[in-house]
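Each chain, letter by letter, is given below.
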Amino acid sequence: MGEMVKLEYRVSSEDFERAGDASSNTKKVLKKIGIPSDVIRRAAIVTYEAEMNLVIHSMGGEIVVEIFPDRIIVTAKDFGPGIPDVDKAMQEGYSTAPDRIREMGFGAGMGLPNMKKCSDDFSIESEVGVGTEVVMTLYI
Amino acid sequence: MGNYFHSVILKEESCNGCTHCIKRCPTEAIRVRNRKASIFGERCIDCGECISVCPYHAQKAVTDDLEDIKKYKYKIALVPPVVHGQLDTGYSIGKVLKAVEMLGFDRAYDISPYCDVVSAIIKYYIDNNLVPKPAVSSDCPAIVRLIQLRYPDFLPNIIPIDSPMEVAARLIKTRVVKEKNFRPGDVGMFFLTPCPAKVTSIRVPLGIGISYTDGAVSVRKVFASLCRNLKELQNVEDVEGYEYSGRGIGWGRVGGQSYSIDSKHYLAVDGIENVIKIFDELELGKLEDVDFLEAYGCLGGCVGGPLLVENSFIAKRRIRYLSENIASPPLMSEEKVKEMLDTGILKWTEEIKPKKLISFDHDIKEAIKKMEKTEEILKDLPNIDCGSCGAPTCRAMAEDIVNGRARLEDCIFKLRERVKKIEK
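Chains as they are written, first to last, in the working numbering: chain R, 1 to 140; chain Y, 141 to 564.
Quick caveat, the hints were computed from the structure, so don't treat them as lab data. Take the hints with a grain of salt, since some may be wrong.
Claimed, not checked - Calculated from the model, a selection of chain R residues having no Cβ within reach of chain Y, i.e. all distances over 10 Å:
1. L7
2. K31
3. I67
4. P69
5. G80
6. P113
7. V135
Stated by the list, open to error - Interface residues of chain Y toward chain R, partial, derived using beta-carbon atoms under 7 Å:
8. L289
9. P292
10. L295
11. K509
What you are looking at is a predicted structure, and each value in this text was computed from that prediction instead of being measured. Heads up, the beta-carbon is just placed ideally off N, CA and C, and yes, glycines get one too.
Isolated chain R, as found in the complex:
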């Protein structure tokens, strides 16, 4: 496999206090390695959006960032509740976030579309009652 750095973050449901830690730490590590700044910017955005999704919508999960010399893979995996209609969830502006989350300025329905836009490869798999896994690859 060769050189690889793996960063793992547990993300708890509704933990707004620590939301953002995974992306800011990932950004720090990428900067130190010397990854080009536009890749860092995109990686920070996908990690942040994934993190917020876990905080807002999931019952908790984890984010794994793997850094290779030629690419970065960000995987966000949660333990449910799963997305009933993935196509709908991928539409800009579509959100199932409750009002109290929207009142905090989140839940604009841009999370998943933004994650797709900022990554080079994007895949999402979801099963209601089981969980969701989003895998995003960014090439360096």
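Got chain R; can you put chain Y on it based on the hints?
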């Protein structure tokens, strides 16, 4: 320190190896080794946080003395708005400038009218979308250096214009040399500085080849004499013949620039840690509705400068009072701004290049390998960021170990573990 000039320096004999400064440094540029702090030159942005926090006054700023002004035939003092925040508002601006001249200057100029010049230029850049949003003020040199080091993607957002200090120095020096028939070398321009960042921007300016300012004397150094001179002027009628502007004086505190340009969608942020948080937000693509970002390394804006005397909140209050109660001439028209920019004297002539901080290696594979090792070591460290090893965080310590700049046993907890093992 290698090839880097810094106005922030360490007086070794005063340093007792405490860890206040390593914790406060926004670029993790300081380490304590063998009970003495040392600064990595390539990382330091001269923000002066370490000077403010050092309980032993071991961190210093290199500034000029009043003796240094004697080298020049004609001596000019450039007085920034913050100076007025140091003194009772009962003193008129004219008297303060006179008191500055009594320090040994032929002439003192208030910088506030030149703040207005820069305000008009900033407004012009924003109104005509000449830089990407948000336009970032170039006034605080510590912020420009922070962007260069940590947020290079935002370098194009900086309005490429000199700070009021430099604008004043350029316009006044050019005028005085012409009017009085001096050679440029005869005229010495000295800035009364609130901070080390300005000193650095005189010695190694950003965006321009050389600065027209010849030196900087810290406000702290002349404060006592200034107060004495003002006392002497107590019974003198008010001193006239100086130019100043209330709006420009407002630049002394955070928000002053934004008020000056009457921006509806501005964001004013002070304190280097807070500025870092805002740039982190910007990097995530947020704050799209902000037109103008006014950021300062010091809390409160320039009134929080480490080379000042007065409590920054009191100074801030005075600046607000003065800026609201002193008349201001209208800002320059767009035509006038264009004319001024066309002369080329106020615009940056050199591109500011990103300053890449290489933590590990130029080769990405090698860098990843070292980062892997760092993560491994980090898992083994206590992760309490106590600073006893001399590095600001356990992560910084792990990097130092990988780079051969520290040993695992420098960690007091690891050392204790080892001693216990040996005892058994």
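Numbers of the earlier hints that this structure fails to satisfy, in rising order:
1, 2, 3, 4, 8, 10
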